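Order-wise, the sequence lines are chains A and B.
Each residue of the first sequence is one higher than the one before, counting from 1 in the working numbering.
Each residue of the second sequence is one higher than the one before, counting from 1 in the working numbering.
Mixed in with the good hints, there may be bad ones.
Output of the computed footprint for chain B on chain A, the stretches with three or more beta carbons under 8 angstroms from beta carbons of chain B [as the list claims (entries may be wrong)]:
id, segment
1, 13 to 19
2, 77 to 89
3, 105 to 118
4, 150 to 161
In silico lysine to aspartate or glutamate, DMTMM-like type, Cα no more than 20 angstroms apart, as pairs [unchecked claim]:
id, chain 1, residue 1, chain 2, residue 2
5, A, Lys-129, A, Asp-140
6, A, Lys-159, B, Asp-264
7, A, Lys-5, A, Glu-106
8, A, Lys-159, B, Glu-152
Derived by calculation from the structure, the hints in this document are not laboratory data.
Only a predicted model underlies this, so the values are computations on that prediction, with no experimental measurement involved.
A virtual CB, placed ideally from N, CA and C, is assigned to each residue, including glycine.
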Amino acid sequence: MIQGKIWKFGNDVDTDVIIPARYLNVSAESELAKNCFADIRPDFAGAVSAGDILVAGKNFGCGSSREHAPIAIKAAGIRAIVAESFARIFYRNAFNIGLPLLESVEASKALSDGENAVIDLAAGRIEGKGQVFSARPIPDFMAELIDAGGLVDYIRKVKIGR
Amino acid sequence: MSMTITEKILAVHAGRDHVSPGDLIEAKVDMALANDVTAPLAIKVFREIGVEKVFDTDKVTLVADHFVPNKDIASAEQVKIVREFARQQGLKNYFEGGESGIEHVILPEKGLVLPGQLIIGADSHTCTYGALGAFSTGVGSTDLGAVMATGEIWLKVPPTILLRYEGSLQPHVGGKDLILHTIGLLGVEGALYCAMEFTGGVISRLPMYQRFTMSNMAIEAGGKNGIMELDETTLAYVAGRTSLKPDIFRSDPDADYERVIDIDVSGIEPQVAFPHLPSNVRPVSEVGNVLIDQVVIGSCTNGWLEDLRDAASILKGRKVSPGLRLIIMPGSPLIYKLAMREGILETFLDAGAVIGPPSCGPCLGGHMGVLASGERAVATTNRNFVGRMGHPESEVYLANPFVAAASAVLGRVGGPDQL
Ligand code: SF4
Numbered sequence: 001m002i003q004g005k006i007w008k009f010g011n012d013v014d015t016d017v018i019i020p021a022r023y024l025n026v027s028a029e030s031e032l033a034k035n036c037f038a039d040i041r042p043d044f045a046g047a048v049s050a051g052d053i054l055v056a057g058k059n060f061g062c063g064s065s066r067e068h069a070p071i072a073i074k075a076a077g078i079r080a081i082v083a084e085s086f087a088r089i090f091y092r093n094a095f096n097i098g099l100p101l102l103e104s105v106e107a108s109k110a111l112s113d114g115e116n117a118v119i120d121l122a123a124g125r126i127e128g129k130g131q132v133f134s135a136r137p138i139p140d141f142m143a144e145l146i147d148a149g150g151l152v153d154y155i156r157k158v159k160i161g162r
Numbered sequence: 001m002s003m004t005i006t007e008k009i010l011a012v013h014a015g016r017d018h019v020s021p022g023d024l025i026e027a028k029v030d031m032a033l034a035n036d037v038t039a040p041l042a043i044k045v046f047r048e049i050g051v052e053k054v055f056d057t058d059k060v061t062l063v064a065d066h067f068v069p070n071k072d073i074a075s076a077e078q079v080k081i082v083r084e085f086a087r088q089q090g091l092k093n094y095f096e097g098g099e100s101g102i103e104h105v106i107l108p109e110k111g112l113v114l115p116g117q118l119i120i121g122a123d124s125h126t127c128t129y130g131a132l133g134a135f136s137t138g139v140g141s142t143d144l145g146a147v148m149a150t151g152e153i154w155l156k157v158p159p160t161i162l163l164r165y166e167g168s169l170q171p172h173v174g175g176k177d178l179i180l181h182t183i184g185l186l187g188v189e190g191a192l193y194c195a196m197e198f199t200g201g202v203i204s205r206l207p208m209y210q211r212f213t214m215s216n217m218a219i220e221a222g223g224k225n226g227i228m229e230l231d232e233t234t235l236a237y238v239a240g241r242t243s244l245k246p247d248i249f250r251s252d253p254d255a256d257y258e259r260v261i262d263i264d265v266s267g268i269e270p271q272v273a274f275p276h277l278p279s280n281v282r283p284v285s286e287v288g289n290v291l292i293d294q295v296v297i298g299s300c301t302n303g304w305l306e307d308l309r310d311a312a313s314i315l316k317g318r319k320v321s322p323g324l325r326l327i328i329m330p331g332s333p334l335i336y337k338l339a340m341r342e343g344i345l346e347t348f349l350d351a352g353a354v355i356g357p358p359s360c361g362p363c364l365g366g367h368m369g370v371l372a373s374g375e376r377a378v379a380t381t382n383r384n385f386v387g388r389m390g391h392p393e394s395e396v397y398l399a400n401p402f403v404a405a406a407s408a409v410l411g412r413v414g415g416p417d418q419l
């Protein structure tokens with residue numbers, strides 16, 4: 001169960017605004033987190049709490065294939081992203097680093113900034129604004145991937161038993 | 001239940017009877033590919049995972065093609081990492097030096113990718129092999145590192161956009177123009193998440209090299225893959241390149257498509273994509289007076305032998321415009337040799353061209369043909385983003401080999417009928 005405050009964004013949020021290229025000269029997660037959304041939402045990095053939820057519109061994470069983008073969001077404390085749709089490579093990269101994504105047009109439209117939401121990943125259920133929204137549930141193996149903390153750890157723990 | 005060709009290939013590789021768009025699956029990979037830019041990162045991930053050996057030494061192919069022959073110390077170090085890994089792992093297919101060409105040309109040429117297979121590459125133009133009736137797509141380095149360790153990949157089954165091409169092609173119009181026209185129609189995100197399935201009478205008459213060109217640029221519309229059904233042309237291409245029997249998959253007639261788009265090709269002229277997006281297309285007759293400094297013919301999009309023949313047919317007996325640099329990059333050593341034997345290279349040299357080694361070279365602004373500020377190039381490559389071929393204030397115009405060759409003679413962007 002994920003429970004937290006909503007940070008709401010619009011359509012076509014690209015990887016350059018998630019983590020501007022000038023901050024890519026370091027790869028330490030804490031540094032990336034500090035500069036997450038630095039240009040479009042400078043208050044984000046300071047105010048986000050561990051467990052919060054990001055809600056966005058269409059085509060979230062478009063642009064370059066840099067894995068730094070989902071890493072920055074996850075390291076800042078965001079535990080899940082709900083959006084109408086995600087750019088393809090961002091989608092892969094997020095799950096691969098252990099950040100779950102849910103697609104729900106209704107939830108994305110209804111939920112607003114600063115309110116609370118509760119997400120049941122296994123059931124694909126999103127609660128907020130006194131309503132319940134359903135996204136496609138995350139299949140078991142994807143949930144395992146998230147539980148393990150990402151693709152590398154998932155393979156180490158689950159697939160080769162280390 | 002009915003399925004598209006993409007769904008069928010994914011279902012078989014996931015060990016399932018049926019998959020639907022949106023399903024997340026774990027699929028077995030028939031071939032994993034990386035190049036000198038992406039392999040070093042994937043190797044790092046592979047080591048973090050901690051397995052000793054790649055899942056199958058026949059099914060991991062590493063190609064040094066981007067910055068080779070090594071352009072500087074940094075790229076030499078990258079290639080060294082890849083070479084040492086390939087040796088230490090005993091990989092059957094590592095290509096460098098005189099054995100190497102552009103990855104998406106040499107893999108089909110050597111029969112390393114086949115119809116019905118599932119191919120994953122740490123390079124976005126891995127979608128090229130869709131032309132053979134395979135499912136192939138590009139991923140990041142973490143994904144590829146994991147594939148090298150396990151032989152499996154997780155995938156989300158894409159919905160399919162069916163593109164049907166009918167009518168008859170005008171002279172000097174081919175696969176490059178069809179795909180540029182299509183990207184212009186859909187936009188650079190028009191096929192996001194989606195499989196693109198190319199079909200219709202025009203595709204069935206298209207020669208193999210032009211089919212590769214179309215599948216190669218599926219990613220430029222945001223597509224996950226760009227697939228065509230296998231036919232006699234495919235089988236004739238594959239014959240003699242492998243001892244394996246290709247798996248044949250076809251879309252069911254009542255398969256579900258997200259969209260069906262019918263394209264009448266009869267009115268399509270040679271297309272030119274203006275800076276800085278591949279979707280920014282215009283017919284060659286409406287280009288205006290765009291003076292150019294350089295022409296590049298080659299790349300994984302148009303570096304096939306027949307592409308060179310098409311360009312040579314225009315350049316035969318002509319000279320490039322004074323002061324213009326024409327750079328030819330054959331796709332593979334075999335193509336280089338055959339072009340030499342046919343006298344095509346001589347035609348190029350007589351016209352005043354520079355012939356480079358089979359490599360990516362100027363396509364990504366790497367080396368061997370980088371543009372200065374304010375310079376313009378016509379290229380048969382696939383991307384014309386800001387700074388793609390050099391300085392951020394340079395410009396790239398994408399076109400087919402006929403138009404590129406004609407432009408080299410004209411000194412401006414133009415088609416063969418303007419010569
Ligand atoms: S030729 Fe260009 S597009 Fe093709 S693999 Fe090389 S750099 Fe990439």
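Hinted pair, alpha-carbon criterion (20 angstroms max): A/Lys-159, B/Asp-264. Please report holds or violated.
49 angstroms, violated
Check, residue by residue, whether the segment 105 to 118 of chain A contains three or more positions whose beta-carbon lies closer than 8 angstroms to a beta-carbon of chain B, and give the verdict.
Since 0 is below three, the answer is violated.
Confirm or reject the coverage of the segment 150 to 161 of chain A by chain B under the rule of 3 or more residues with a beta carbon closer than 8 angstroms to the chain's beta carbons.
Holds: 6 residues of the segment 150 to 161 of chain A have a Cβ under 8 angstroms from chain B.
Would the pair A/Lys-159 and B/Glu-152 pass a check requiring their Cα atoms to be no farther apart than 20 angstroms?
Distance ~10 angstroms between A/Lys-159 and B/Glu-152 Cα, so the pair holds.
For the segment 77 to 89 of chain A, does the count of residues with a C-beta closer than 8 angstroms to a C-beta of chain B reach 3?
holds (count 4)
Can the restraint linking A/Lys-129 and A/Asp-140 be considered satisfied, given a maximum Cα separation of 20 angstroms?
The given pair, whose Cα atoms are some 28 angstroms apart, is violated under the 20 angstroms limit.
Would you check chain B against the segment 13 to 19 of chain A, counting CB to CB pairs closer than 8 angstroms, and say if three or more residues qualify?
With 0 residues in contact (Cβ-Cβ under 8 angstroms with chain B), the coverage given for the segment 13 to 19 of chain A is violated.
Given the hinted pair A/Lys-5 and A/Glu-106, is their alpha-carbon gap at most 20 angstroms?
18 angstroms, holds
Violated hints, in rising order: 1, 3, 5 and 6; the structure is consistent with all others.
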